[in-house]
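Enquirer: Chain residues, written in single-letter form:
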Amino acid sequence: MSDLRLLADGVGEPAWLRRSLIAIAVSFMAVFLLLPLANIFHAALSEGWRVFLASLHDENAAQAIRLSLVSTAAAVLISGVFGLAAAWLLGRHKIPGHGFWVAILDLPFAISPVVAGLMFVLLFGLDGWFGPWLDRHNIQIIFAKPGIVLVTAFVTFPFVARELLPLVQALGPEAEEAAMLLGASPWQTFWRVILPALKWGLLYGVILCASRAMGEFGAVSVVSGHIRGETMTLPLHIEAVYNEYQFGAAFACASLLSLMALVSLALKSFVAWRAQRELESQ
Amino acid sequence: MSIEIRNLTKRLGGKTILDRVNLDIPEGSLMALLGPSGSGKTTLLRIIAGLEHPDEGEVLVRGEASTAQRPQDRHVGFVFQHYALFPHMSVRQNVAFGLEVKPRASRPSREVIRARVDELLALIQMDSYGGRLPSELSGGQRQRVALARALAVEPRVLLLDEPFGALDAQVRAELRQWLRRLHDVSKVTTVLVTHDQEEAMEVADTVAVMNRARVEQVGHPRDIYDHPASAFVAQFVGQMNRLHQVEEGTAFARPHEMELSLDASEGEAAQVVKVVSVGPLACLRLRLSSGLELDAHLSRERLALLEIKEGDHLFVRPSRVQVFADDYSI
Amino acid sequence: MTFTRRPGFALSTGITLLGTSLMILLPLAALALKAIHAKAGTFGTVLVDPRVRTACLFSLGAALAAALFNLVWGSLIAWVLVRYPFPGRRLADALVDLPFALPTAVAGLTLSALYGPKGWIGHLIPFPVVYNRIGVVLALSFVSLPFVVRSLQPVLEELPREVEEAAACLGATRWATLRRVVLPQLMPAILSGFALSFARAVGEYGSVVFISGNLPFKTEIAPLLIVVKLEQYDYDGAVALAVIMLSISLLVLASIHLLHRRFGGPSRV
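These protein sequence lines are chains A, B and C, in that order. Residues 478 to 759 in my numbering are what the first sequence lists, from first letter to last. Residues 8 to 337 in my numbering are what the second sequence lists, from first letter to last. Residues 16 to 284 in my numbering are what the third sequence lists, from first letter to last.
Hints listed in this document are in silico derivations from the structure and should not be mistaken for laboratory results. All C-beta atoms in this analysis are idealised placements derived from N, C-alpha and C, irrespective of residue type, glycine included. Check each hint, because a few of them may be wrong.
Under 7 angstroms between C-beta atoms, here's a sample of chain B residues computed to sit facing chain C [what the hints assert, rightly or not]:
hint: 1; residue: T74
hint: 2; residue: A75
hint: 3; residue: F87
hint: 4; residue: V108
hint: 5; residue: A112
hint: 6; residue: P115
hint: 7; residue: V160
FRET-style restraints, in silico, Cβ to Cβ [said to hold, decoys possible]:
hint: 8; chain 1: C; residue 1: S262; chain 2: A; residue 2: I572; range: 47 to 53 angstroms
hint: 9; chain 1: A; residue 1: W526; chain 2: C; residue 2: G56; range: 54 to 60 angstroms
hint: 10; chain 1: C; residue 1: E173; chain 2: B; residue 2: R77; range: 46 to 52 angstroms
hint: 11; chain 1: A; residue 1: S746; chain 2: B; residue 2: V192; range: 43 to 49 angstroms
Covered, in the sense of this in silico footprint (three residues per stretch, anywhere, with C-beta under 8 angstroms from a C-beta of chain A), are these stretches of chain C [unchecked claim]:
hint: 12; stretch: 50–58
hint: 13; stretch: 66–78
hint: 14; stretch: 169–182
hint: 15; stretch: 198–210
hint: 16; stretch: 256–264
Please work from the sequences and hints to get the whole structure.
Expert: Now the structure itself:
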């Protein structure tokens, strides 16, 4: 956020109005955003620390946490590699159908997660395109872990690319050209010129991607099959125990996810702040 | 509308932007506030407009304190460096804005507004551009629209903040002359902020030179050039050779007041380092035996008469020396 | 942008086109082909099914209500965050992203407890929120709140103050300046945030299942109905509904693109 320059009295709003608007906005955010957050931690601990810890040590919960971590890692890796390649290609070159390739990056944001899940069922499910072939070779994707990883990767696919594309465009080709004229190989140029210039944007995109992947619900729910101890991610596990009226356990797991959400928020603010500072020092 | 500025002080974050500034702007005059960036000239202009508030002192408009007035009630026309046109409005809508937002009781009829806008578009020679958006205009055209917009409400004072700063040299020169003619006709009290001494000298009746939050000198452009009040003014307005220390301070001389001769009895020995003779004047760079480098300007006829080339040795003597105390530097 | 082919061009082209094709275009094609090959009349039967119609209309209405709610509050928050200094401004700015960072299931869980009859807020409200349509709108508003704020903020920051000062010097009251000078310049960003908010809300699933109670003809939303149809192995029905949802998403997306093309980024005049 840039520094404020207040308009003079008479040009800007009068002080009483400014103060009222601040009060209204802050109260709204406290009730609408902060209270739900506080409620999670309050409810998680309402049945005591023992229940809290037991809910997280539960075997099914542990499995769900592991699967969430694995699919998040995969999603970040896929989104990251694709994002770097796509941002550099689309930000630097004019390829045939340029507008189409850029516009299509928005699709996973706009598609309902449930529809996303359904699309993968239609591809890899028993009745799907590849279903019979997969069945013959005894490979299961839908209602199994690979499906969960796949749809998680789908919903987070463009996160890094979208973050990097404007940065590559703003960066301009001069630095790369200078590096190449100085005799750097393409790999050296990538590692020593392009990547350092994009590092904060990349990190920001990765945080967004990880935070979304960790919490994805709708798409994963469609392809998971909800098999206890096997194809549950942490958000699915929360729903399952909630439906069994184990509210304490549900909130305990929810508090874990919320904690991660808070960490991601803090990291994001930090990265944005560092990037801003670096920009200003240049 | 005469404006008197009394003991104006403005501080911002521990820095003094204006330090007890006093200035009289006579009715109907065109005054330039000239100074380097950071000298406080823009802040002074914004305080006159009511866009900022002074910490101390006051602004008297025709003898009345205006400090408590809102910008809306001051009837000033303000032209910004980056034009500040309303980007979503056409040229006509921009010019008409000030008339259309008048309270219903004093708002002119639609026909009157239309006629007034036509008249102003003709004045800025943009009759056929009324329907264009600001983004479809060149910089010079945008600035003319900004001026027309400010003039539409018939302001009592016209304030211009580096109005030509973002324009090409040629457009700048044209607009400068146009502004001067406009002022000769309308006689609206006008204050122009600029860091360009040539602009100030060419356009203004009176120039106020500002430096480090203070007004250092106010006067007719020629008086300021001929009789600068301080070392800062001397060096900021026109070129100056810094000669040597004397008891009272430092001695200076203008390049065109350097007399050159081949006769040893006529001054100090110097070598010609460089000769640039483009246009009516020849500019020489001289190096004295002490190592001090000086500039000298002379007519090309005189240069030819003396037969001076680079590397030649000659003698130099200032025809007029001005001495300033060492309080100031650029 | 240059037309010179650089080293690495082939590799990045390969990754980009292959990735996009496999991850985005192939699944889309599967859905499209399935829709084309669906039993004749599937779309007709799905569309006249009153349960589907109710769910679709409710989804649209609730998403619209949520987007409008966000339009008002999001604009206010963006304005206050950009224009007014107050202690904790940076913290408040970070808090805006909470609905994006918080998993939707967690949001649904805590909202249903908070606004439930025994919740901190719910016990103060005389009418039921949870298992009610209002609860669905609430959840949708929560998950899509940041869109309006985040699309408005950069535009508001870029808006040169001089333009407002110019209006004031020309005699415009603050209200006239806001209405005639500031608002028209913010409108594209507000609309874009509104559309994004709507698109997100109309497809939202995770937070709603917790708070809606999933009551057919009452709080059932279209994405939930897709899941129900899938569980009943009614693939054709699910696909038909998905195509409707997808068309809405594409329509919104296209209008946002048009909006950006028409008004572009903030241009300094």
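Enquirer: Confirm or reject each hint.
Expert: Consistency of the hints with the structure:
no., hint, result
1, T74, "16 angstroms, violated"
2, A75, "15 angstroms, violated"
3, F87, "5 angstroms, holds"
4, V108, "4 angstroms, holds"
5, A112, "13 angstroms, violated"
6, P115, "13 angstroms, violated"
7, V160, "6 angstroms, holds"
8, C/S262 x A/I572: 47 to 53 angstroms, "28 angstroms, violated"
9, A/W526 x C/G56: 54 to 60 angstroms, "59 angstroms, holds"
10, C/E173 x B/R77: 46 to 52 angstroms, "26 angstroms, violated"
11, A/S746 x B/V192: 43 to 49 angstroms, "57 angstroms, violated"
12, 50–58, "violated (count 0)"
13, 66–78, "violated (count 0)"
14, 169–182, "holds (count 4)"
15, 198–210, "violated (count 0)"
16, 256–264, "holds (count 4)"
Hints 1, 2, 5, 6, 8, 10, 11, 12, 13, 15 from the earlier list are contradicted by this structure; the remaining hints agree with it.
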